[in-house]
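*Asks:* Take the sequence shown: its letters are residues -6 to 536, numbered as in my numbering.
There's no promise every hint is true.
[Unchecked claim] Pairs of lysine-lysine, PhoX-like flavour, derived with a Cα cap of 20 Å:
no., residue 1, residue 2
1, K250, K318
2, K353, K444
3, K250, K227
4, K57, K444
5, K444, K153
6, K370, K318
7, K253, K268
8, K153, K209
9, K250, K531
10, K253, K57
11, K268, K243
12, K153, K179
13, K57, K250
14, K376, K102
15, K243, K57
16, K243, K227
17, K531, K253
18, K102, K444
19, K179, K444
20, K318, K372
21, K444, K243
Since the hints were derived computationally from the structure, they do not count as laboratory data.
This one's a predicted model, so the numbers in the text were calculated from it and none came from an experiment.
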Amino acid sequence: MKKVTFARIGALILVLAMLFVLVSCDKPGTEQPQRTTNPQQTTAPGEPTGSDSASTTGKENTEKSDETIVIMLAAEPTTLTGLTGITDQVACIVEYAIGGHLFEFNREKGDVDFSLAESYEVIDELHYRIKLRDDIHYTDGTPVTAADVVYTVSCCIDGKQDWTNNMDIENFVIEDDRTLVVAYSKYTPGWAVAFAEASAAIYSEASVQAVGGLDKTERNAPLGCGRYNAVEWKAGEYILLERNENYWDKSYNGYYKYIKLMWSSDAASRLLAVKSGDAQVADTISISEAVTLQNDPNTQAVLFNSGATFMVYFNCSKGVFTDPKLREAVSYAIDSEGINQVVNMGLGTVAQGFVPASNKYYHEYHEGGINPYDPEKAKQLMKEAGYGDGLAIECKCLRGMVPAATLVQESLRQLGITMEILPMDPGGFVPEARAGNYDLTIGNTDNSYIKPDNFNLVRPNFEVIGGPKITDPAMTEILSRATSSNPEIEAQGWYDVIEYIFDNHCLVGLYNKLVCHASSRDIEGLDLIKRDYLNITKLRPVR
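Build the full structure now, drawing on both the sequences and the hints.
*Replies:* As structure tokens, then:
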């Protein structure tokens, strides 16, 4: 059956190749593809095995050198810290490298590991007692204290950092230098994961004042407690990081004494820098560029399956797809495996949809976690739904979704469905998608970890951009359980959310986002942190 599938969509490959020129994953406002079964690192075809994230980032490193490694970023960062509320994706790479965090995000389990914090106690659903390690210091040897945590949170609340949502700073309590109680105004699922944001790095008020105050921290980093420290920023040219010799975890010392960060907005230039030996790592390359590296003797593609899942959303609240029988028919007509093969050029993974496999509450609804493709059954269901002669629908989506939409369009054409694709820029798409002015749309969400907004896309009558526009009160009741502070009730709620979504054919999973970078073949240890930002602190020579 799969050969038949590829024959049907094979004619689109040349068209899609042209589309990828226009809709590159390196451009702002577009999205890259990916996978569901495993959030670990993969390699391009033909590359040596044994370079998944478990084997390259999980190794302890006690070796040090005086060497410098050069990394080509996609842009110049806007800031060194997130203390003022200003940040961006590239800045988060630096923020994480120079800042220490209470918890570190573990992508494999979709949860956190302890870092500056050594333990926490649940007092009640609004209060948590955090105990800091007794061996954590800033780069000058000054101890990190509970007061520093409160100061950092206060700054980030003033800067409107979203990881501080629901925090009740007035009721934080410093019990001693190593112990504090954090408070929330309401129960916040995944509260500890919030402290793993790159911009949640801990700083002391004294170190902030030493660089001239809060506003100066954007260009002059205060003393940090991360694996590295920012020592020089030459605007428009480079940022130099130096290894923190006082870092608490001696089993994960930075191998390189210096990390030199340079940048170029052109992915080809970043990749060329690695190929020529001028740099050792290139941030963000396209899938097509990753494919070209499979036989390169010196440069390798480093690919990660992100937790973000791309899906087809049916509008369940108005239009033709209020009919669940029609939604079921169209679901069987969409070949998720074939779409993933073309969009991700054979490198990605098919996604069940909405909840990726890295989420601790994931379970398989479909066999193998793949939407069943059965065009004959789809045709029969179309007749039963009263659409045996076909129909016309509209798909409104961001321009970055056009390749996937084109493949869905071809699948539906076989059922006699004419789908008009209306690609839009964000300014036009957002109000239309928020209002639900579409028959179906294609988008993505990242539910790889527990957080307060996991269910916004499926929350009945919630004003959200895109999604299936569910209005059924039964879902409201299910979500009340899925967001319970009782772990057993929460787990059952997540199970029921997945069952409801697919029982009612609200969406179809396509593929997970594929995050692509490049490095010299003699380098290992590249990893991702929360939100798929690069972790550059564990790089080292291949052993």
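*Asks:* Each hint needs a verdict: does it hold in this structure or not?
*Replies:* Against the structure, the hints come out as follows:
1. K250 / K318: 61 Å, violated
2. K353 / K444: 12 Å, holds
3. K250 / K227: Cα-Cα ~19 Å, so holds.
4. K57 / K444: At roughly 37 Å apart (the allowed maximum being 20 Å), K444 and K57 break the hint.
5. K444 / K153: 17 Å, holds
6. K370 / K318: Distance of about 12 Å is within 20 Å: holds.
7. K253 / K268: The hint holds at about 17 Å.
8. K153 / K209: Status holds; Cα separation ~18 Å.
9. K250 / K531: Holds, because 12 Å separates the two Cα atoms, which is no more than 20 Å.
10. K253 / K57: Holds. K253 to K57 sits at ~16 Å (cutoff 20 Å).
11. K268 / K243: Not satisfied, since the Cα-Cα distance of roughly 32 Å exceeds 20 Å.
12. K153 / K179: 18 Å, holds
13. K57 / K250: This hinted pair holds, its Cα atoms lying about 7 Å apart.
14. K376 / K102: This hinted pair is violated, its Cα atoms lying about 44 Å apart.
15. K243 / K57: Distance of about 11 Å is within 20 Å: holds.
16. K243 / K227: Judged against 20 Å, a Cα distance of about 30 Å means the pair is violated.
17. K531 / K253: Given pair K531, K253 holds - Cα atoms ~14 Å apart, limit 20 Å.
18. K102 / K444: 14 Å, holds
19. K179 / K444: Cα-Cα ~13 Å, so holds.
20. K318 / K372: 11 Å, holds
21. K444 / K243: 31 Å, violated
Against the hints set out earlier in the document, violations occur for numbers 1, 4, 11, 14, 16 and 21.
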